[in-house]
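Peer 1: One letter stands for each residue in the lines below.
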Amino acid sequence: MTTISNPAPPTTTNSSTLALAGVSRWYGNVVAVNDVSMSLGPGVTGLLGPNGAGKTTLLHMMAGFLAPSRGAVTLDGQPTWRSPAVYRRLGLVSEREAVHSFLTAYEFVLATAKLHKLPDPQAAARRAVDLVELADAQDRRIGTYSKGMRQRARVAAALVHDPQVLLLDEPFNGMDPRQRLHMMELLHSLGDAGRTILFSSHILEEVEQVSGTVQVMVAGRLAASGDYRTIRRLMTNRPHVFAIRSTDDRSLAVALMAEPSVTGVELGRTGLTVRAGDYGAFTRMLPKVALARGVRVHQLLPEDESLESVFSYLVEA
Amino acid sequence: MSTVSWITARGLFGRRRFLLLLPLPVLLVALAVLSRALGVPPTDWGPPVLVGLGLAVVLPVVALIVGTGVLGAEIDDGTVVHVLTTPLPRWQIVLPKLAVAAGVTAATVVVPLFAAGLLADSVRLGLALAGAAAAGALAYSALFLAASLLTRRPVLLGLVYVLIWEGLLGNVITGTRVLSIQHYVIAVADRLAPTNLLETTVSVPLAVTMTVLVSVGFTLLAVDRLRSFSVAGETS
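Read top to bottom, the protein sequences are chains A and B. For the first sequence, UniProt numbering assigns the number 1 to the initial residue and increments by one for each residue that follows. For the second sequence, UniProt numbering assigns the number 1 to the initial residue and increments by one for each residue that follows.
Hints in this document: simulated from the structure, not taken from any laboratory. Yeah, the Cβ is synthetic: ideal placement off N, Cα and C, and Gly gets one too. Just to be clear, a hint being listed does not mean it is correct.
Said to hold, decoys possible - Quick list of the computed label-pair ranges, beta carbon to beta carbon:
id: 1; chain 1: B; residue 1: Leu-150; chain 2: A; residue 2: Thr-144; range: 34 to 44 Å
id: 2; chain 1: A; residue 1: Gly-174; chain 2: B; residue 2: Val-123; range: 51 to 61 Å
id: 3; chain 1: B; residue 1: Arg-225; chain 2: A; residue 2: Arg-88; range: 37 to 47 Å
id: 4; chain 1: B; residue 1: Ile-164; chain 2: A; residue 2: Gln-78; range: 14 to 24 Å
Said to hold, decoys possible - Simulated coverage check for chain A against chain B, where a stretch passes if three residues somewhere in it have a Cβ under 8 Å from a Cβ of chain B:
id: 5; segment: 60-69
id: 6; segment: 108-117
Use the sequences and the hints to build the structure in full.
Peer 2: Here it is as structure tokens:
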């Protein structure tokens, strides 16, 4: 059995802020990104959206590889477009898998370290290769690597200069479950160490496991921003769904139906499914009602606070 | 050797299309040797082989393959992003790539042109052709390197320039030679080793000035375009 070691990112705490102010990008008559404003600080943030939502365009503008048609993208106040100096603090792992296949992973990462003019490029390259657990294969040509290994080589190159901000476009593509888990741990630890990490994904489980904070893009617009559970609670136009198990489900259902915050109750074999219009009022009221009825609540689970539910509500809206 | 040059050279020699460089110089030398061996007078075979093949085809085509390969191939496959996500000033990326392109092109064409010039006339003509071709290699490389950043089809653009502008219009409308690197090379070589095998209507001062202008101008243009390099606008 293979054990997964905890990656050990550097421990510096200087943080950077990536800010977008009224950013739009259009191609002819097609608006890919529409008036997006956000500020990304330390921690891990997931950039979420269906295909064609403008995630990659947004990431390219953040990384200085695309000029905004309107608005400004800045890293610590410095525009990212036409400013190579920002790459001292910014790393990018693009979606495209392109890597110099004729180099070994170590050569590739070392070359990147030299391009960054790091004081000790060899040590930096070894550290980055270790960080992505590629040391065993570092002397093989990248052309012989699996998709996931190539991805890790690219992540190592993006991390070699220890950037304050790391942007990753679909970083888990092609990774096996173990590599995926390791990458998630790596992103977590980088975020905990004060790095600003933004990764895009259209796979909700990935985002849910790595980050509670999301930026949701829908049709080029920023549909929601922040902790997805908080976002869900702000959606007051959609009833919150709770699963409840108690000592007397039927009695509790009758009592709940009399409450104004409850919009519907369904009695099932395994318990109650309750729809509440007001999250706060319902959660405050439930213990009182249960106590008054002499019912003991064994389980209270919010059923639609998953990222999947939040996402589907946002996309449908 | 800088890291950019090292990666560029590794990438260039690692691609199969680099093998396309070999047949043309070999053909140039083979035709010169054959003509000499068969006793054909140099006035008969010199112009078509030295100019028609050497300067009009071998030099620009080799420069086109190499010049578009050092950056255009990296843009095509996306690997250029790795070099661009570094704080290097963009001229520190363009100049090493230009040096590799011009160096490889010159190394590939100088020896066969020297050999052909030697067989046609003299060591002096061989050296003149080699020297002028080296300068031409720099100008062509700057042009094709910049073309990689101006269009997604730099090879097509380069072929249009070499075949249509220089090859066709240059022979029909002599005025177009003012914007023909091939004729700058001919003018400079003819000045270094005056011979009736090389003929052009372009003056030497114009040729030298234009060679410098083309080399510097397109290099500056490439640096500027690389500063504004945009990745393809996928919106997935």
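Peer 1: Now tell me, hint by hint, if it's right for this structure.
Peer 2: Evaluation of the provided hints:
Checking the proposed 34 to 44 Å range against Leu-150(B) and Thr-144(A) shows it holds: the Cβ atoms sit about 35 Å from each other. In this structure, Gly-174(A) and Val-123(B) meet the distance hint of 51 to 61 Å, their C-beta atoms being roughly 59 Å apart. Distance hint for Arg-225(B) and Arg-88(A): a CB-CB separation of about 23 Å, inconsistent with the stated range 37 to 47 Å. For Ile-164(B) and Gln-78(A), the Cβ-Cβ distance of about 45 Å falls outside the hinted range of 14 to 24 Å, so the restraint is violated.
With a threshold of 8 Å between beta carbons, the proposed coverage of the segment 60-69 of chain A by chain B holds, since 5 of its residues qualify and at least three are required. Coverage of the segment 108-117 of chain A by chain B holds [criterion: at least 3 residues with CB-CB distance below 8 Å; count 7].
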